[in-house]
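Novice: Heads up: the protein sequence lines correspond to chains A and B, in order.
In this text, residue positions in the first sequence follow the working numbering: the first is 197, and each later residue adds one.
In this text, residue positions in the second sequence follow the working numbering: the first is 3, and each later residue adds one.
Hints in this document: simulated from the structure, not taken from any laboratory.
Hints should not be assumed to be uniformly reliable.
As the list claims (entries may be wrong) - Mimicking SDA-like on lysine to any residue, the simulated pairs with C-alpha atoms at most 25 Å apart in a straight line are: (1) A:LYS464 to B:TRP218; (2) A:LYS404 to B:ASN414; (3) B:LYS41 to B:MET3.
To be verified - A few chain B residues that don't get close to chain A, going by computed Cβ distances all over 12 Å: (4) ILE4; (5) HIS15; (6) ARG19; (7) LYS22; (8) ASP80; (9) ILE107; (10) PHE126; (11) ALA136; (12) LYS148; (13) LEU172; (14) ALA191; (15) GLU207; (16) TRP218; (17) GLU243; (18) GLY254; (19) LYS318.
All residues carry an ideal CB built from backbone N, CA and C; glycine is no exception.
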Amino acid sequence: MLNNSNKLKVSVSPHLVNKRLLTPQIMWLVTLSLLPAGVASVFIFGLRSLWVILVGCISAALIEAVIQKLRGQKVTISDGSAVMTGLLLAYNLPSGVPLWLVVVGCFVAIAIAKQAFGGLGRNIFNPALVGRVFLLSAWPTYMTTFIKPFDTITQATPLALMKQEKISNLSEAGINYMDLLIGNRGGCIGEVCIIALILGAIYLFYKKIITWHIPLTYLVTVGIFSWIFGLKSALFSGDFIFHILSGGLILGAFFMATDYVTSPLTQKGQIIFGIGCGLLTCVIRFWGGYPEGVSYAILMMNMIVPLIDRWVKPKRYGVK
Amino acid sequence: MIKLSEHKELTEHNLIRKAKLPSKVHIPLIQHFGKPCDKVLVKLNDFVKTGQMIATSEGGVFSPIHASISGKIISITDCPHPLLGRAKAVVIESDGEDEKIYDLINRNDEVQAYSAEKIREIIFNAGIVGLGGAGFPTHIKLKPPKPVDTFILNGVECEPYLNVDYRLMLERTEEIILGMKIIIKVLGAKNVYIAIEDNKKEAIELFRRANLPSNWIIVVLKTRYPQGGEKQVIKSCLNREVPQGKMPFDIGVVVNNVGTVYAIYEAVCKNKPFYEKVITVAGRGLTNSSNLEVRLGMSIRDLIDECGPIKEEPRKVVMGGPMMGIAQYNLDAPIIKGTSGIILFGKDEVVEVQERFCIKCGECVTHCPIGLEPGMISLAIAKDRLDLAQEYGVMDCIECGLCSYICPANRNLVQAIKYAKQKIEDKRTKK
Numbered sequence: 197m198l199n200n201s202n203k204l205k206v207s208v209s210p211h212l213v214n215k216r217l218l219t220p221q222i223m224w225l226v227t228l229s230l231l232p233a234g235v236a237s238v239f240i241f242g243l244r245s246l247w248v249i250l251v252g253c254i255s256a257a258l259i260e261a262v263i264q265k266l267r268g269q270k271v272t273i274s275d276g277s278a279v280m281t282g283l284l285l286a287y288n289l290p291s292g293v294p295l296w297l298v299v300v301g302c303f304v305a306i307a308i309a310k311q312a313f314g315g316l317g318r319n320i321f322n323p324a325l326v327g328r329v330f331l332l333s334a335w336p337t338y339m340t341t342f343i344k345p346f347d348t349i350t351q352a353t354p355l356a357l358m359k360q361e362k363i364s365n366l367s368e369a370g371i372n373y374m375d376l377l378i379g380n381r382g383g384c385i386g387e388v389c390i391i392a393l394i395l396g397a398i399y400l401f402y403k404k405i406i407t408w409h410i411p412l413t414y415l416v417t418v419g420i421f422s423w424i425f426g427l428k429s430a431l432f433s434g435d436f437i438f439h440i441l442s443g444g445l446i447l448g449a450f451f452m453a454t455d456y457v458t459s460p461l462t463q464k465g466q467i468i469f470g471i472g473c474g475l476l477t478c479v480i481r482f483w484g485g486y487p488e489g490v491s492y493a494i495l496m497m498n499m500i501v502p503l504i505d506r507w508v509k510p511k512r513y514g515v516k
Numbered sequence: 003m004i005k006l007s008e009h010k011e012l013t014e015h016n017l018i019r020k021a022k023l024p025s026k027v028h029i030p031l032i033q034h035f036g037k038p039c040d041k042v043l044v045k046l047n048d049f050v051k052t053g054q055m056i057a058t059s060e061g062g063v064f065s066p067i068h069a070s071i072s073g074k075i076i077s078i079t080d081c082p083h084p085l086l087g088r089a090k091a092v093v094i095e096s097d098g099e100d101e102k103i104y105d106l107i108n109r110n111d112e113v114q115a116y117s118a119e120k121i122r123e124i125i126f127n128a129g130i131v132g133l134g135g136a137g138f139p140t141h142i143k144l145k146p147p148k149p150v151d152t153f154i155l156n157g158v159e160c161e162p163y164l165n166v167d168y169r170l171m172l173e174r175t176e177e178i179i180l181g182m183k184i185i186i187k188v189l190g191a192k193n194v195y196i197a198i199e200d201n202k203k204e205a206i207e208l209f210r211r212a213n214l215p216s217n218w219i220i221v222v223l224k225t226r227y228p229q230g231g232e233k234q235v236i237k238s239c240l241n242r243e244v245p246q247g248k249m250p251f252d253i254g255v256v257v258n259n260v261g262t263v264y265a266i267y268e269a270v271c272k273n274k275p276f277y278e279k280v281i282t283v284a285g286r287g288l289t290n291s292s293n294l295e296v297r298l299g300m301s302i303r304d305l306i307d308e309c310g311p312i313k314e315e316p317r318k319v320v321m322g323g324p325m326m327g328i329a330q331y332n333l334d335a336p337i338i339k340g341t342s343g344i345i346l347f348g349k350d351e352v353v354e355v356q357e358r359f360c361i362k363c364g365e366c367v368t369h370c371p372i373g374l375e376p377g378m379i380s381l382a383i384a385k386d387r388l389d390l391a392q393e394y395g396v397m398d399c400i401e402c403g404l405c406s407y408i409c410p411a412n413r414n415l416v417q418a419i420k421y422a423k424q425k426i427e428d429k430r431t432k433k
């Protein structure tokens, strides 16, 4: 017999429990998937990069907590999104930056790019990238001084060398594709070790947290474009593998451009977004003022996401 | 559309069995889409027989109501109603005899000579409504204002837990085929489809082996929720869409679900009014989850007892499927014509969740069967922008609940949409 004293719970359907990933789990899993690249960076650049990463994560979380307290809101750093932003920002910094610079970057990322817009889900721009480009324009010397892997001397990135026309192909820089894959090159903390990044990306695909729409179209666009225009002297002979593996493209395509909040809702929109990121990245790399264009490309595409979402609608049932 | 965890195994292999005769039934006067049966044909203390019409109405959209047991009318008053909270109902106390008012006959052959008009009248008098969910009176559905050339039997049953249509297809195959023939005749339909999800292998096999007319086509559909929605079935079978704001008959199609077709068979071929139906009563906390043939008006409590003893106290009791069903707060609420199941959820199957802000992951957009953007609609509703919600197509929502089910931020998407639809509807009728 039923026990009458037991009150029944009433709610609106659906009633079926779904063991799906929730927002905090997604954020922490993305953070987890980024760890191999962090571990690799400690091997490549030494303990210095560990300090940058730790300062990034901790200061991002603290800044978020303080702002939420000031705004009289519930502190939600346990959802992992602030730590993830701090981590991504750290990955976009050279290992030699002073630690106060990391904190300033986190402040810009969390306070201005995220909380000023209303917090998680309401920001227009990828917070970590906003932090990065702020630092890049405020302290360009710190931000473009890269340490040579397994060493303490500084070294320009292959893309910078190519920009300055000091080299015209990879071998002139004294490295090969394998060096790009394992991270034996100058660059930011989290962007150099491609293998570690791919490992994390595979995990995200396996967990169905990201789909192919943005990363694939982004990479393919960069590939095609750099094959056509990559070499100054002749068309259709650019080293597209070099361009795909260089700079922050892999990190950007799999972990930054795929940010849910700042990318289009529909799959069709995401394809447009990916292609747009690819085109802008190449335009900046080949004809712009910077050797690397991933950050600016993604931020510019972030800007037009609301427009993409307005124009690219899913096919409605029964509507012609 | 996505694959759900189905939980069909609880009653998938259980033969339909008759529930024991209830000692009392509450029969609400509104059990269908349309107006209540305002003309009550019985008085207090009257004796009624099983199958006797006890309420009807005149003109408009309604379906008459019948007594489901024989006995004495002990009150006609406001009673619990599973959908409306409370509604006027006729309460019958059983005399234990179950004396029928009709003769159960077998007129399979005679029926061939019946006119469409006569069959519709039998269906009307039997009180049959659509059993797929909406409860629209069947005699009206079978008189479409435009010519119809296609009939689809909806044997999809995509709601988890429920096995009503599946068991009917297995155990009453011939009856369903006869019922289909009646409908096809009434509609004058030339194209006939039988739509079944691929998780119902045995049913597909049975229909394949049955001696079906050569022009009937069995369509095996992928097991995906909400494949069984009328619009989805039409799209999957015919690759055509019902235009926005139109009805299936506008494109020459009528869809009936298995339960309705079986009820039509019983009424037309066997002279039996619609006072009894098959439902699934299931839940982890029940010792004997079952597919029961029950009398309308029986209380949920009686049915839970029928399938007991209880192993685990239910924390939530849902009438209908777990995706679209209605949570009940009063177990005295009766089974009505449209009831497809009673699902019991235990403590750890009922979780309180914290709603978070939309992170625009796009899952709801990717999976919405109607191609809406539930996340954006809910944001518009939260800002009280019903105009914007309408622009986003909120009125097209079929309320399948998939968006809420998959949302990683636990957003109350379909809930907000239902609220907005009601509000917009209210505003429209007030004008």
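Novice: Does each hint hold? Answer for all of them.
Specialist: For each hint, the structure was consulted:
no., hint, verdict
1, A:LYS464 to B:TRP218, "violated (38 Å)"
2, A:LYS404 to B:ASN414, "holds (22 Å)"
3, B:LYS41 to B:MET3, "violated (43 Å)"
4, ILE4, "violated (10 Å)"
5, HIS15, "holds (21 Å)"
6, ARG19, "holds (21 Å)"
7, LYS22, "holds (16 Å)"
8, ASP80, "holds (20 Å)"
9, ILE107, "holds (40 Å)"
10, PHE126, "holds (30 Å)"
11, ALA136, "holds (15 Å)"
12, LYS148, "holds (17 Å)"
13, LEU172, "holds (24 Å)"
14, ALA191, "holds (21 Å)"
15, GLU207, "holds (28 Å)"
16, TRP218, "holds (26 Å)"
17, GLU243, "violated (5 Å)"
18, GLY254, "holds (15 Å)"
19, LYS318, "violated (5 Å)"
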